[in-house]
Amino acid sequence: MTVSREDIAAFVDGELAGEREAEVAAAIAADPDLQRQVEAHRALKAQLSGHFAPISEEPVPDALAALLAPKQAEVVDFAAARERRETRRSIPRWGWIAGPALAASLALAVFLPRGGSADGYADAQLARVLDSQLVVEQGPDAETRILLSFRDGEGDFCRAFSSVEGSGIACRDAQGWKFAAQGEGSDGAKTDYRMAGAGDGEILARAQQMADGPALDAQAEAEARDGGWR
Amino acid sequence: MLPRLRRFAVGLCGNPADGDDLCQMSIERALANRDKWQAGTRLDSWMYRIMRNLWIDEGRATTRRRETFVAEEAGFSVGGEGAQEPAVELSMVDRAMQQLPEEQREAVLLVMVEGYAYKEAAEIVGCPVGTLNSRLVRGRDALLEMLGEKA
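Chains as they are written, first to last, in my numbering: chain A, 1 to 230; chain B, 1 to 151.
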């Protein structure tokens, strides 16, 4: 089977579905050159997200906010959210990207994913996914998608994931999968109104900062899984 | 939504000043056409479409002028010392984006930065999905070449 550049790009964007996705995933798994292309696309995506993310985190210039102020009461929400952001700096900044689901209200909000237990570790269900699911094998309808896997500066394996309920990065330590970063949930990749990239971009940009070297390719990821991520 | 709209505007225009101007025009036009927005459809897609059309209709002359200026300025910093590396890399992304044809730039921004699905992005731009897909691939390949494959 031939895999076109369109296929690679669509695969990285989560735009392929069903049989075609499986075919392309299999071809990628079998071909280091294609894996390299996939990684290059992911890196580019993370680079672009990282580059443009700061703009959406800046306070909106007063001149722009003022245009809306007299006419739409929702702006109050926005101002309140910004104020909360100022007082809660301990929450990672990228958790505050305006959620598309709230687009109509112009409000900013933060979503912390379910799937976490109180001590900062992934719960059993999420841990199972983190333990077993490989990027190249997951289907478009997977509830939780693994975005990529990498080693952090301390050599621990970390995995960036995304689901409707929440996205984030978890790193494997002796106790389990400890959250290193959490972001908002996405709407899932297979609906027409997917907005996954908005939140995922932040997570990927964060992963790029944390990673010590490039993300694991399909083979390295499979080996890491077989080795229990330790 | 406003921060995201600004991000898209700055990405299209290549600099914050023009981006904010574009953002302002878009909001004004949206407010003026409020009655044309159909409740139940996505407000953000509608706003992106307004912004994108304005950019195509009115922004071109301005963007062209600025392009020359930005490229020149970035040229100076590229010649600077290694200590400026992060800044240089950032302006590399801006510069690379500005090198892309407009149709590729908007496709790249909508999908890779704003996170729209192909179908949604195609609706905003007003072209078939296949067309959007091929613009996106050409834009990506050009960016990978300009920015170097970092993986």
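Treat each hint with caution, since some may be false.
Unchecked claim - Stretches of chain B that chain A covers, calculated by requiring three or more beta carbons in the stretch to come under 8 Å of a beta carbon on chain A:
id: 1; segment: 13 to 27
id: 2; segment: 49 to 55
id: 3; segment: 123 to 137
id: 4; segment: 140 to 148
As the list claims (entries may be wrong) - Restricting the straight-line Cα-Cα distance to at most 20 Å, the calculated cross-link-like pairs of lysine to any residue (SDA-like) are:
id: 5; chain 1: B; residue 1: Lys119; chain 2: A; residue 2: Arg5
id: 6; chain 1: B; residue 1: Lys119; chain 2: A; residue 2: Ala10
id: 7; chain 1: B; residue 1: Lys36; chain 2: A; residue 2: Asp141
id: 8; chain 1: B; residue 1: Lys119; chain 2: A; residue 2: Leu67
id: 9; chain 1: B; residue 1: Lys119; chain 2: A; residue 2: Gly18
id: 10; chain 1: B; residue 1: Lys36; chain 2: A; residue 2: Glu21
id: 11; chain 1: B; residue 1: Lys36; chain 2: A; residue 2: Ala10
Stated by the list, open to error - In silico negatives: residues of chain A with every beta carbon more than 12 Å from chain B:
id: 12; residue: Glu6
id: 13; residue: Ala9
id: 14; residue: Val12
id: 15; residue: Glu15
id: 16; residue: Ala43
id: 17; residue: Phe52
id: 18; residue: Gln133
id: 19; residue: Glu137
id: 20; residue: Asp141
id: 21; residue: Ser163
id: 22; residue: Glu165
Just so you know, these hints were derived from the structure itself, not from any lab.
Ideal Cβ positions, reconstructed from N, Cα and C, are used throughout, including at glycine.
Claimed clearance of chain B by A/Glu165, with the beta carbon kept past 12 Å: For A/Glu165, whose nearest Cβ neighbour in chain B is about 17 Å away, the distance exceeds 12 Å, so it holds.
Consistency of the no-contact label for A/Asp141, given chain B and a CB cut of 12 Å: holds, 15 Å
Interface exclusion of A/Phe52 relative to chain B, criterion Cβ beyond 12 Å: It is violated; A/Phe52 is separated from chain B by about 5 Å at its closest Cβ, not greater than 12 Å.
Hinted pair B/Lys119 and A/Gly18, Cα distance within 20 Å: holds, 17 Å
Pair hint B/Lys36 and A/Asp141, alpha-carbon separation not exceeding 20 Å: violated, 35 Å
Least C-beta distance between A/Glu15 and chain B, which was stated to exceed 12 Å: Label violated. Min Cβ-Cβ 5 Å, cutoff 12 Å.
Chain A covers the segment 49 to 55 of chain B, three or more CB atoms within 8 Å, holds or violated: It is violated, with 0 qualifying residues against the three required.
Whether A/Val12 stays farther than 12 Å from all C-beta atoms of chain B, as the label says: violated, 9 Å
Least C-beta distance from A/Ala9 to chain B larger than 12 Å: violated, 5 Å
Closest CB of chain B to the CB of A/Gln133 still more than 12 Å away: holds, 21 Å
Proposed proximity, A/Ala10 with B/Lys36 (alpha carbon, max 20 Å): violated, 33 Å
Assertion that A/Ala43 lies farther than 12 Å from chain B (Cβ): violated, 4 Å
Of the numbered hints stated above, those contradicted by the structure are hints 2, 7, 8, 10, 11, 12, 13, 14, 15, 16 and 17, listed in ascending order.
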